[in-house]
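These protein sequence lines map, in sequence, to chains A, B and C. First residue of the first sequence: 13, per the numbering used here; consecutive thereafter. First residue of the second sequence: 4, per the numbering used here; consecutive thereafter. First residue of the third sequence: 13, per the numbering used here; consecutive thereafter.
Keep in mind that the hints were calculated from the coordinates and are not lab data. There could be a bad hint or two in this list.
Said to hold, decoys possible - Non-contacting residues of chain A with respect to chain C, defined by C-beta distances greater than 12 Å in every case (computed):
1. Leu41
2. Phe122
3. Ala194
4. Val221
5. Val232
6. Ala293
7. Ser295
Unchecked claim - Pulled a few chain A residues facing chain B out of the computed Cβ check, cut under 7 Å:
8. Ala121
9. Pro264
10. Leu291
To be verified - Think about it this way: if two alpha-carbon atoms lie no more than 30 Å apart in a straight line, the pair counts; the simulated DSBU-like pairs of lysine-lysine are:
11. C:Lys63 to B:Lys226
12. C:Lys343 to B:Lys224
13. C:Lys343 to C:Lys150
14. C:Lys63 to B:Lys224
15. C:Lys172 to C:Lys294
16. C:Lys294 to C:Lys63
Ideal placement from N, C-alpha and C gives every residue a C-beta, glycine not left out.
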Amino acid sequence: MISKEHLHRQLTPYYFLLPALLVLAVIILYPILSNLAMSLQKVRLLKGGGSDFVGLANYGRLLGSNTFQGSVGSSLRFTLCSLPIALVLGLGLALVFNEIRKYRPVFTAFLLVPWAIAPVVTGYMWRWLFHDSFGLVNHFLLGLGLIRGNIPWLAQPDTAMAAVVVANIWRFMPYITIMLLAGLQGISAELYEAAQVDGANVAQRFWHVTLPQLRHVIGVVFLFSTIWMVNDFGLIFIMTEGGPAKATQVVPITVYRIAFEHLQLGRGAAAAMLLLVFLLALSVLFIRVLFRERRAAHEA
Amino acid sequence: MKHRTHARVRAWLGYGLGSLSALCLVLPLVWVVTTSLRPIAEVTSTPPIVFPQSITFDAYADLWEAAPFLNYFANSIAISLLTALIALGFSVSAAYAFARFRFRGHGLLLMLVVMSQMLPGSSILIPLFQVIRGLGLLDTRTGMVLIYTGFAIPFCTWLLNGYFRAIPEELEQAALIDGCSRLQLLWRIVLPLAAPAVVAVGTFAFLLSWNEFLFAFVFTKSKALTIPVGLRAAFLGQYVNKYDQLFAASLIFSLPPIALFVSLQRYFVQGLTAGAVKE
Amino acid sequence: MRTALFLLFFCPLAALLLLSCWSSPSSGAGAPVEVVVWDFGGVPGHQAWIKQAVEKFNASHRDIRIEMEIRDWATQRESLISTTIVGEGPDIIRVHHKYSVEFGELGGLYPLENFPDFPQVKERFFPNVLEQVEFQGKHYGLPITMLPFILAVNREILEKYDLEIPRTWEEMRAMGPLLKEGGIHAFTMPGGVNLDTAYRFLPLLYKAGGRVFDEDWSRAAFNGPAGKAALSFLVEMQQAGYFPSASAAYAFDENAAHWCTGKAALSIEGPWWQDIVLGNYKFDLAKLVLAPVPGPEQLLEPNPPRTLLDVVMVAITGYTRVPQQAWVVLKALNVDDPVWQVPNPEMGGIPAHKAAYAPGVQSKYIGLEVLAEAGRNGLGWPGHPGITEIQRHIADAVNMALTGVMSPQEALDNAAQEVDEILNDF
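Can you build the whole structure from these sequences, using the hints too?
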């Protein structure tokens, strides 16, 4: 016989979970399932409405379409170019900031600014900074003698990608630097002292003490940054609208265009599902690795 | 001796490079500030004039007429504050459940909650539109708060969960034995101890809704328009591109998040990283 | 414990509920009939005018009251879609003429033939403009403003280099070298991934005798000889340096900045240009001259050369509950109001009303005769339900060619393929 007290205790955690789970069910779970259903249909928004079940036809058409394949490539290029550079720069900045003892809040305040600015503003700001005749980027590069004539940054596929990557890296510096800085501060001084006693120089200490200790943080940063970068819509949309010649049309922009400009809701849903599956696979992979690390660290 | 000069060199390098990089990070913004302070004719001059030749505050004065900007501001503040509060409340509650209880489905539910933040916004945009429309919440503040709360909960729960787990249970055990209820426990003991994480979570939720563009763009038309969308609509109309006013408005709009960050910096950073690093 | 949990759960919900009550509009039932007007977009001059026109109307009418909302031009399609699906919304809307087809068919718009005095009202507008709001014999709106595309010329540059206003593409190309020496582009145009690009391509296509679709609208025709020649012309100008290479990233404002700062002599624009260059860039209007859009010396397809014409219409929604009152409001604001009897550069377009061009009418428009002539000769985009998507594909094609990623014929053929699919879907 289960006592009422016992039952109550069993159910308590569920009470605590209820509000959050309810919201998540409405905002996330139901839409995902609905999206899945819609991706298997051809939805007619106008012309009388209704929809036809088409099975995997949307997926087939999508995977075969040049535009979608191109946007996958663009997403990959965007993320793979931004992330390593941002990580390296972030690590460098974190190392620098680690040496600052006095007035650190002031420096951190400056550091946080790119994060506090809305992506919309960031987008417009960088769009005009990269303008071919009025932009400051060309102005500075010309002044420094690094280029001979104005580069039409946003008008050429490669330079447009470079421009959005630069803007993206700028925007991610605060998050990456702060996380790595905290990671650095978590490394106990004894480890460094021990290494120094063993005769290791600065570079060796960095390689054998700092980096391994930062593995977990770098992993977390890597995972979240990747997800946020792949998902990003606003920055690129405002800077280039996906152009020129679809060079910067990453997958979220393609989803938007298919669903909201071409009003092909079924195909848009399918594209979104593909993106979701990709990100889930990535996260599962990462979480596995991270958990294994943690278990190893615990056992150590 | 060598050790001390070594340390001094490091310190100088640190401050020097630190200042340089801080400046570099803020430099693009300097351009935004100067553009907002000069007449538009100067903005489009070639070669670009870095320092404004004539400073005018016209943009700051005129922008209020361009759109019901005050409305957008009010909307953004209301929506962001409410999102922060409600997301905080729900996340604290859920995170506490994950951290302190063992129950059926614990692992699975936690993983699902954490995975939810990896969602591409584009994948739920359309079905969510139909849900919100079905609830009659299109273009309402309530609708936006609901949506943003849903977005914030996964990350907030995950962060708080990590933080709660790091807090030793003994205090709570003692209080429980004394007859304290779980809720009082949460309120009186756990939350004060977890203050940094609470601040981080609240700030995160606030910022998420303050800066969000895509969903605000699709889900609001006029009544619940927030600033990111309003910026675009008001200053970049079909043939009107008032960049000076746009940037002036953007700067004003960036002040709340910057103020929030700067004042709560210490807690925010501590809360954000402790949850991730101490795992 | 239970009470505490109840509160924890219920308070936020209650707050949410309260919010929803608070943020929803209060609906009051009053004696005067309410007519809701959504005015999408409109330049500042237009917005200023309509606010005072609405106030004047409300002050002088006891039985009807106008509630007006000004909305973002960019959101008109989404608004039309959602209100048509839901069956609820405003009574009068001011939108682009293309929606007369898309939404007229779906019942989203009210056919004006239902009003007995419509034939007399119709008489006051130019016939070719009326065609732009017609679908299967019914008119789904009144064409109020027309925006013919013309060539905007910087007179000062031409005089400095002793050049005549070009009348053909060959003459435009001939201007190139001389201007290039002076560091000036002969021509500039938005070429980015946006609809403005398509709107600059089509005037050239039309002047070369091309059309968007073939005779029975079953296939795309813009990739024919006329289209190919127009796009190749642009690409050649670009490669020779007479046309900015950065234009592949230009939206409207970058293009305007380029022209207004004297870096280019010509641009394809419309009635809005005068007010924009003055208001945004303080351009000296004495330097502005308008001319018809040039075409090739030889017509490339056997269609008469036309001007591209954009039309803004005011329509009554199909689900309105007060059509008669809406008609009264529509006539008062958009037919009889004095602002439509004199072309005004601050209104963003020229009136489609015949009365505005009667002899003796004094207007501040520079080049009004050019605009009026272009308007009378104007042909709009074909009124197809999927026209927005088709415009996007054409813009993409132009962007591809200008970026150098594809040859003009390839880019146009690509786009034509997509457009054919759209035509088939319908």
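Hints, verified against the model:
The claim that Leu41 (chain A) is not at the interface with chain C holds, since no C-beta of that chain comes within 12 Å of its own (minimum 19 Å). No beta-carbon of chain C is positioned within 12 Å of the beta-carbon of Phe122 (chain A); the least distance is around 31 Å. Taking the minimum C-beta to C-beta distance to chain C, about 32 Å, the non-interface status of Ala194 (chain A) holds against the 12 Å cut. Remark: the non-interface label on Val221 (chain A) is consistent with the geometry, its nearest Cβ contact in chain C lying 46 Å away (cut-off 12 Å).
The claim that Val232 (chain A) lies off the interface holds: its Cβ sits roughly 30 Å from the closest Cβ of chain C, which is beyond the 12 Å cut-off. The beta carbon of Ala293 (chain A) is kept farther than 12 Å from every beta carbon of chain C, the shortest such distance being approximately 31 Å. Non-interface call for Ser295 (chain A) relative to chain C: holds, since the shortest CB-CB distance, roughly 29 Å, exceeds 12 Å. A hinted interface residue such as Ala121 (chain A) counts as satisfied when its beta carbon comes closer than 7 Å to some beta carbon of chain B; here the least separation is about 5 Å, so the hint holds.
For Pro264 (chain A), the interface hint holds, since its Cβ comes within 7 Å of a Cβ in chain B; the closest pair sits about 5 Å apart. At a threshold of 7 Å, the smallest CB-CB gap from Leu291 (chain A) to chain B is about 5 Å, leaving the interface hint in force. Of the supplied pair hints, the one linking Lys63 (chain C) and Lys226 (chain B) holds, its CA atoms being roughly 19 Å apart against a limit of 30 Å. Using a Cα cut-off of 30 Å, the hinted pair Lys343 (chain C) and Lys224 (chain B) holds, with the two alpha carbons roughly 27 Å apart.
Proximity of Lys343 (chain C) to Lys150 (chain C) is assessed by CA-CA distance (about 18 Å); at most 30 Å being required, the pair is judged to hold. Restraint check for Lys63 (chain C) and Lys224 (chain B): satisfied, since their Cα atoms lie roughly 20 Å apart, inside the 30 Å limit. A distance of roughly 21 Å separates the Cα atoms of Lys172 (chain C) and Lys294 (chain C); the hinted pair therefore holds under the 30 Å criterion. Between the alpha carbons of Lys294 (chain C) and Lys63 (chain C) the distance comes to roughly 26 Å, so the proposed pair stays at or under 30 Å and holds.
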